[in-house]
Amino acid sequence: MIGRFVLRRLGIAVLQLLGVALAVFFLIRLLPADPVARLVGLNASEEAYAQAERTLGLDRPVVDQLLSFLGLSSDRGADGLADGSLGLSWVTGDPVFLEIGRFLPVTLELVTLALLISFLIAIPLGMASATRPGGIADRIAFVWGLFAGAQPDYWWGLLFVFLFFFILGIAPPPLGRIDPLLIEPSVITGFLTVDSLLQGRLDTFVSALHHLMLPILTQVFVVSGAITKMVRQNMIRALQSDYILYARCCGLSRRAVGRYALRAALTPAVTLVGIFYGVLLSAAVTVELVFSLGGIGEYAIRSILSFDYPAIQGVVLIVALVSLLIYLLLDIIHAYLDPRVKY
Amino acid sequence: MSARAPHVAAAGAEEILSVRGLTVAFAGSEGAEHVAVKDFSLTIGAGEFVGVMGEPGCGKSTAAIAMMGLVRPPGRIVSGEVHYLGRDLLAMSDAELDAIRGKDIGLIVQSPRTSLHPMLTVGRQIENVYRAHNRVSRRAAHARAIEMLQLVGINDPERRVKSYPHELSTGMTQRVLIAMAMSSGPKLLIADEPTSGLDVTIQAQFLDQMWEAANRTGSAVLVVTQDLGIVANYCDRVVIMEHGEIVEASAVRDFFAAPAHDYSRRILSLQRESAASVAGAPETERAAAEPLILVEGLSKDFDIRGSKDKVHAADDVSFLIHRGEAIGLVGESGSGKTTVGRCIVRLEEPTRGTVRYRDEMVSDLTQREFTPFRNDMQIVFQDPTDSMNPRWSVEQVLTEPLDLHTTLSAAEKRKRVTTLMRMVGIDPAVREVKPRQLGAGRQQRIAIARALATEPAFIVLDEPTSALSPETRAEIIELLIRLSRELDIAYLFISHDLTTIERVCDRVVVMYLGQVVETGTRAEVFRAPLHPYSRVLLASHLFPDIADRRVDRPERVTLKGEIPSPVSLPEGCYLYGRCPNQVERCRAMPQALEEVSAGRSVRCWRAVAGELPG
Ligand SMILES: Nc1ncnc2c1ncn2[C@@H]1O[C@H](COP(=O)(O)OP(=O)(O)OP(=O)(O)O)[C@@H](O)[C@H]1O
Ligand code: SF4
Ligand SMILES: [Mg+2]
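So the protein sequences, as listed, match chains H and S. Numbered by my numbering, the letters in the first sequence go through residues 1 to 343 in order. Numbered by my numbering, the letters in the second sequence go through residues 344 to 957 in order.
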């Protein structure tokens, strides 16, 4: 049954991606921009301009361009969605898919770790503040929520760099993912921490974590206030429910009752994880810039600034794909945790 | 001790629980506190069975859980003491309290469905409670959970322990709570309307068990109820609450003989009036009346999704309804009563069989051809809120059938709505109000008015009073009786409440597992039931008659186990396996409904042969 559900959802996801592909294809062509001029320079001769236009395929009718973007036209090889390359970047000439494969793991590593740590902090804090409203934990959570939301994330990032790098000196300079003197582990998954562990490279593992320290701190700092608030609210609702009252009437211990409540509080929260993932993903754009991590956000900005259509299309599609998959995964987990969910 | 809160003394026996001056308040808006329970004092001795009664919202449930030191948030216990075997519960540490709650004092709450954790199997929840009080392995606790479910009469407990609460009927979740509360053998059971969702047979079994445990082991029971039948049949003493205070506390015989308080007198007189009118009502002569509806061989099978099996909800049902006659359809939940009612008014398509209305074979008509007959054949449901558009006003609700079935002008419709509202005893001034803003009783009146809008000759009433408090129920019953007389309407009155059926109906049809097992006049079925099932049903029903208490009877007949699943039916008599009168021959011999005298038939060969004890 769950298999059929997943298949159906994947089918829907394919349609959604197709929609996204079409939308982004036409939207960037509506921009008042001239990618050819950007490529050859404003002073290029008319011939050079026409030559470049031909190479990029922008001389052809839009329908033709669309077909080759979708990989349905036969005249151009490595240009389409269908063969998975996502086309060649106009700037570097490399397949967009491979380029994204280099940039995306950086971001996913940051966002996933940040989200994990946020939950590790938010769950106990939210629980504590729900069980003792007005207690210390509750007040900390409240003040934190106010504070963290008061300034944009890059502002906190810069503050942390100033504090932990310049003043305290415990953080590395915000210049990349790893100590430049170390040789990077060869790429397997693209996640530096995972690759290091796979190859037994403890030095690069530690250095990667060290460099991730402040970016993660920034993201955690910004997002866990909201997560704590959500955990707290769900928890309070659960604690006021009839089944918690009844569990107490049956003499279950405080801990057992807490587990009942947590189960009920976190299950609906699973689906919200997707939203927080999205929030962190978009916040990652600026955080990556502050720490020069070279993630997908940087790639996206670079592509937009150079009007690199295939790259823009590729980034949008891949990010859409990642969020669709995450939502699917979360729905599966939710259905597994809550027997009332029908699929 | 204040004079307003008489202290009820335990009758000499060892004192188990003693509550003194318990006061509970809820934080209201703007800091004002609403006192829900005020100066509540009560003592319960070993072996006692004590009843608590009172109007809805008078604080019964709040008092019941406050006795365990708990209050629903945002409430708090303002003052009072609760001594359990001499120790004050309200002064104990959490750990000490946890050891007593659920072990020494078991609680069954009023809302079983929301009181179970929605994401854990019921078996796991029983195990958790059992293991909190007994040092046993998971496996032993699991075995205990199955045993407890079996004990409360749940079929196939091995499968049911793995169910989640939302997969069970309300009656079953109620029994899960009973199983949980009883698992550690409590000395005191506090039960808040423990049987409101249960069939009479199961209710009687459970209360019998409680009563016997109290007598045998010296445990005690405090039962909160709205049902005079339970009070009369089981309780030693009764406490009446009003606005959070105890206003009367007496031994149960005194209570029935000389009720001290207004509320007590009111509910007792309501009940007496209805009993008197039953006794005084002339046996209506129906032979002359013309036949209105003839149901013959009606069967209804439901497909089960993803399976070739079928649910046999109704099986070869036949009966006749005369003009203006009220027929009662009784039986346990799941016996197919509702299905029969819905098939007659074509909300369901019968699988086999016919329904004749006057001269028309209405079961042969297409839905479109049937439409004009909807004027004549109406239905009223148990829960009026489910069947009315929440955004409509009373006026809109009542105008809808007029729009559909008549060609009246707008002014005529308005007039008709006014008449209808008067007819059901509702002030026409509330026509602009949304039904939901009115109480349950008035909502049901509106539902009845809507059914009356097209001047029907026949109404199916599907448990129309089951969701109501005793007083409102009595009012609705009076209304239905009056309407049937004034408008000459025939009823098919579906209910598992025999007191109501006895009050309203001229003839009775008893169903079991989709089959009609007995038909007869009210007097015949109620005074001298023939079929073993009807006999158990009547014996299990708790008539509020202090002179014939169930616990005083030498033998308390019950049915073993639960109604079998209507998917795989027994081969011979459907009651075989549960019947107190069965013999070997019944196992494989299918039973037919046989007429024993005019209008009286029964589906049991032993009853037909006169082999059953009188
Ligand atoms: N959680 C709550 N918050 C505020 N007031 C409450 C709460 N629970 C109950 N009350 C109030 O306390 C009073 C007593 O309620 P309670 O449920 O104990 O009555 P009851 O006699 O058991 O009613 P019923 O017959 O409907 O079961 C009512 O006035 C109710 O409004
Ligand atoms: S046929 Fe036998 S089993 Fe069936 S009701 Fe009669 S006596 Fe009982
Ligand atoms: Mg109550």
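Just so you know, the hints here were simulated from the structure itself, not pulled from any lab data. Check each hint, because a few of them may be wrong.
[Unchecked claim] Simulated restraints on C-beta separations:
| # | chain 1 | residue 1 | chain 2 | residue 2 | range |
| --- | --- | --- | --- | --- | --- |
| 1 | H | Pro268 | S | Gln710 | 24 to 34 Å |
| 2 | S | Gly782 | H | Gln233 | 52 to 62 Å |
| 3 | H | Ile275 | S | Arg609 | 50 to 60 Å |
| 4 | S | Glu775 | H | Gln233 | 47 to 57 Å |
| 5 | H | Phe5 | S | Arg430 | 21 to 31 Å |
| 6 | S | Arg609 | H | Phe5 | 49 to 59 Å |
| 7 | H | Arg340 | S | Ala601 | 46 to 56 Å |
| 8 | S | Glu424 | H | Ile275 | 43 to 53 Å |
| 9 | H | Arg340 | S | Ser911 | 44 to 54 Å |
| 10 | H | Leu116 | S | Leu428 | 43 to 53 Å |
[Unchecked claim] Derived lysine-lysine pairs resembling BS3-like cross-links, with alpha carbons at most 30 Å apart:
| # | chain 1 | residue 1 | chain 2 | residue 2 |
| --- | --- | --- | --- | --- |
| 11 | H | Lys342 | S | Lys903 |
| 12 | S | Lys903 | S | Lys530 |
| 13 | S | Lys756 | S | Lys653 |
| 14 | S | Lys777 | S | Lys903 |
| 15 | H | Lys342 | S | Lys505 |
| 16 | S | Lys446 | S | Lys903 |
| 17 | S | Lys530 | S | Lys505 |
| 18 | S | Lys777 | S | Lys756 |
| 19 | S | Lys651 | H | Lys342 |
We put the beta carbon where it would ideally sit given N, CA and C, even for glycine.
Right, here's what the structure says about each hint:
no.	hint	result
1	H:Pro268 with S:Gln710: 24 to 34 Å	42 Å, violated
2	S:Gly782 with H:Gln233: 52 to 62 Å	33 Å, violated
3	H:Ile275 with S:Arg609: 50 to 60 Å	56 Å, holds
4	S:Glu775 with H:Gln233: 47 to 57 Å	38 Å, violated
5	H:Phe5 with S:Arg430: 21 to 31 Å	54 Å, violated
6	S:Arg609 with H:Phe5: 49 to 59 Å	56 Å, holds
7	H:Arg340 with S:Ala601: 46 to 56 Å	51 Å, holds
8	S:Glu424 with H:Ile275: 43 to 53 Å	50 Å, holds
9	H:Arg340 with S:Ser911: 44 to 54 Å	28 Å, violated
10	H:Leu116 with S:Leu428: 43 to 53 Å	51 Å, holds
11	H:Lys342 with S:Lys903	35 Å, violated
12	S:Lys903 with S:Lys530	26 Å, holds
13	S:Lys756 with S:Lys653	45 Å, violated
14	S:Lys777 with S:Lys903	46 Å, violated
15	H:Lys342 with S:Lys505	17 Å, holds
16	S:Lys446 with S:Lys903	28 Å, holds
17	S:Lys530 with S:Lys505	29 Å, holds
18	S:Lys777 with S:Lys756	18 Å, holds
19	S:Lys651 with H:Lys342	22 Å, holds
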